[in-house]
Structures are given as structure tokens and as C-alpha cells.
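Below are the chains, spelled out letter by letter.
2 protein chains.
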Amino acid sequence: MTKVSVVELGEAKTSSSSRRGVNRGLAILDFVLRLIGIVGTLASAIAMGTTNETLPFFTRFVRFRAQYDDLPTFTFFVVANSVVSGYLILSLALSIFHIVRSSAQKSRILLIIFDTAMLGLLTAGASASAAIVYLAHTGNTSANWFAICQQFNSFCERISGSLIGSFVGIAVFILIIFLSAVALTRRN
Amino acid sequence: MTKVSVVELGEAKTSSSSRRGVNRGLAILDFVLRLIGIVGTLASAIAMGTTNETLPFFTRFVRFRAQYDDLPTFTFFVVANSVVSGYLILSLALSIFHIVRSSAQKSRILLIIFDTAMLGLLTAGASASAAIVYLAHTGNTSANWFAICQQFNSFCERISGSLIGSFVGIAVFILIIFLSAVALTRRN
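From first to last, the protein sequence lines stand for chains A and Z. FYI, in the UniProt record's numbering the residues of the first sequence are 1 to 188. FYI, in the UniProt record's numbering the residues of the second sequence are 1 to 188.
Among the hints, a few may not be true.
Which copy is meant is left open, because identical chains are indistinguishable; a pair holds if it fits in one copy or across any two.
Capping the alpha-carbon separation at 20 Å, the derived lysine to any residue pairs in SDA-like fashion look like this [to be verified]:
(1) 106 x 94
(2) 106 x 158
(3) 106 x 182
(4) 106 x 186
(5) 106 x 22
(6) 106 x 67
It should be emphasised that the hints constitute simulated quantities derived from the structure, not laboratory data.
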């Protein structure tokens with residue numbers, strides 16, 4: 001009977017360590033994804049925050065200079081991306097902790113809550129900016145809003161491009177939340 | 001020795017059933033939250049989708065009639081809210097399944113993934129619309145976009161109000177994801 005218990009114990013150990021290996025792999029993937037997210041959101045914030053264009057001419061309707069903070073939505077975009085990238089940098093510490101201690105559960109729940117909130121913030125900033133960028137490109141005849149991109153070409157290209165990093169960040173967050181949920185179900 | 005095992009078995013059973021009780025409570029809460037989400041997003045979609053205003057007068061600059069689909073962002077808002085409320089109605093089936101079988105894990109992961117994606121969709125629609133509504137209220141002098149709300153009063157009130165249900169939906173989704181994460185950690 002003692003022999004049987006030992007064999008069972010041995011099997012249980014192997015199974016547990018292989019699960020721990022998978023969890024560690026998930027934690028490392030989580031870490032890499034967070035790094036990608038930091039690069040994306042930080043690049044977005046910087047690209048948008050440094051956008052301005054001075055025109056060599058002026059007409060009755062357009063201003064000499066276009067800056068990102070002429071439109072309050074873009075200010076929100078910069079703030080949201082900065083906050084999220086700051087959060088991601090801080091969360092790297094917990095991510096490393098999960099690589100070392102892959103059976104941690106409570107800290108994973110904490111991360112899921114914050115990740116979800118940050119996903120919301122980032123999505124809000126990115127999509128609000130996308131709506132305004134779309135308006136800047138096409139204008140709206142019903143509301144008599146003119147397409148300002150005809151005058152401010154490079155300004156519009158810059159603000160459109162700076163959205164990319166933010167949307168990469170959104171994809172990263174959805175993946176991170178999914179990975180955390182999978183890691184939570186694995187029992188060590 | 002037999003007595004001791006029986007006692008231990010008894011304790012394990014009690015502990016397991018109390019955990020199952022908490023999980024069932026979480027599942028019921030999840031169900032109620034989904035109902036609130038359905039009401040919120042459906043109300044938003046309907047309120048926005050039926051918005052139009054015909055002015056009794058006209059000037060050179062404003063049109064006779066303002067409809068929600070004059071602005072493509074609002075069309076996206078209606079679509080996003082309809083999709084999310086449709087998803088929530090379908091997800092009620094899985095939510096009921098979780099009340100009955102509170103130890104289910106894989107279906108919970110499935111729900112977390114879809115919930116996160118739907119949170120993204122809903123946030124995108126709501127915040128893009130919020131950006132446009134803000135623009136309609138205040139206009140933007142830099143881009144020479146006029147505040148159309150001075151003419152279309154009741155139109156603007158309606159589109160502003162219809163955002164509320166959507167933001168309630170966002171809060172509901174964040175809570176649902178949090179509850180699912182908590183339920184996943186509990187081992188039955």
C-alpha cells in the first residue's frame with residue numbers, strides 16, 4: 001500500500017510541475033505582451049503629443065498653426081496613452097512575480113481588474129480620437145463641418161498614424177486578459 | 001484511522017459545498033448584471049436610432065432636419081449597442097448554465113474572452129459618440145467647426161442622453177469580467 005501511495009505522489013508531482021511549466025510560459029508571454037503594449041502606447045502618446053504644423057500661407061478660414069491640443073479629444077488621447085503606458089510599466093513588476101511564482105492567484109485577479117479598466121480607458125481614448133480624425137479627413141456636410149485635412153496634410157497624417165500604437169495596445173490588453181483567465185483556471 | 005478519514009471527508013464536503021454556494025451567488029449576480037446591461041445597451045440603441053429633429057425654420061447654414069445617421073459615428077454607436085445587447089441576450093443561456101453547474105470552468109473562459117471583446121466594442125462606440133456629442137455641443141474654433149446644438153436643441157439632448165445606457169453597459173461589463181475572474185479562482 002505504501003508503494004502505491006508513493007507512485008501516486010510521483011504522478012501528482014510530475015503533473016503539477018508540467019502545469020507549472022505551462023503557467024510559467026503564460027507568464028512570460030504576458031510579460032512580452034506588456035512590453036509590446038508599453039512601446040505601442042508610449043509611441044502613440046509621443047507621436048500625438050509632438051504633432052503640430054505651421055502653414056506657409058493663410059486664408060480667411062484656416063489658422064496658421066495646427067496643434068494636437070486644439071482638439072480636446074487629442075489631449076485626452078495623450079493622457080490616456082500616458083496613463084496606460086505608466087500602468088503597464090508598473091505592472092511589469094507583478095508580471096515578473098508571476099514568472100517566478102506561477103501559482104499566484106490573488107495578484108492575477110488584481111491584474112485582471114486593472115487590465116480591464118485600462119483596456120476601457122485606452123479604447124475610449126483611441127476611438128474618440130478615431131472619430132475626430134475621421135471627421136478631420138472627411139468633414140460632415142450635414143453639420144457644416146469642413147474637412148481640415150485639405151489644409152493640414154502632414155498634421156492629419158501624423159494624428160492618423162499615432163492611433164496605430166493605441167490600437168496595438170488594445171489588442172495586447174485583450175490577449176493579456178485572456179491569458180490571465182487561462183492561467184487562473186490551471187490548478188497547481 | 002477509518003474514523004479520521006470520514007471526518008476529513010465530511011469537512012471537505014462542507015467546504016466544497018460552501019464554495020459552490022458562493023460560486024452560485026456569483027453566477028446569479030452575473031445573470032442580474034447581464035440583464036441590466038441588456039436594458040442599458042438596448043435603450044441606448046433605440047434612443048439613438050429614433051433620434052431626429054425637424055426645425056420649423058431654416059437659414060443658409062443649417063439643414064431642415066437632423067437625424068442620427070447624418071453622423072456616421074452615431075450609426076456605429078447604434079450598431080455597436082445592438083450587437084452588444086444581442087450578445088448579452090445570447091450569453092444569458094451560459095449564465096443560467098453557470099447558476100446550475102457552478103463548477104464549470106471552460107465556459108467561463110469562453111465568456112471572459114467574448115465579454116472583453118464586447119467591452120472593447122461598446123467602449124469604442126460610446127466614446128466615439130461622446131467625442132462627437134461634445135463637438136456638437138461646444139464646436140471647435142481652431143477647426144472652424146460650429147456648435148450645431150444651438151440650432152438642434154432636442155436632437156442634442158437626445159443624443160447626449162442616449163450615451164448614458166451605453167456607459168452603464170461598460171460599467172456592467174467591467175463588473176462581469178471581475179466576477180468571472182473571481183469565480184475562476186474558486187476551486188470546487
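Hint check:
In this assembly of identical chains, residue 106 and residue 94 lie within 20 Å of each other by CA distance solely inside one copy; the values are 11 Å within and 25 Å between copies. Proximity of residue 106 and residue 158 under a CA criterion of 20 Å is satisfied in neither setting, with 41 Å inside one chain copy and 43 Å between copies. Taking the shortest alpha-carbon separations for residue 106 and residue 182, both the intra-copy value of 14 Å and the inter-copy value of 9 Å come in at or below 20 Å. Taking the closest pair of Cα atoms, residue 106 and residue 186 come within 20 Å of each other both inside a single copy (14 Å) and across two copies (11 Å).
Taking the shortest Cα distances, residue 106 and residue 22 sit within 20 Å of each other both inside one copy (18 Å) and across copies (17 Å). In the homo-oligomer, the alpha carbons of residue 106 and residue 67 never lie at most 20 Å apart, since the shortest distance is 44 Å inside one protomer and 49 Å across protomers.
Going through the hint list in order, the structure does not satisfy hints 2, 6.
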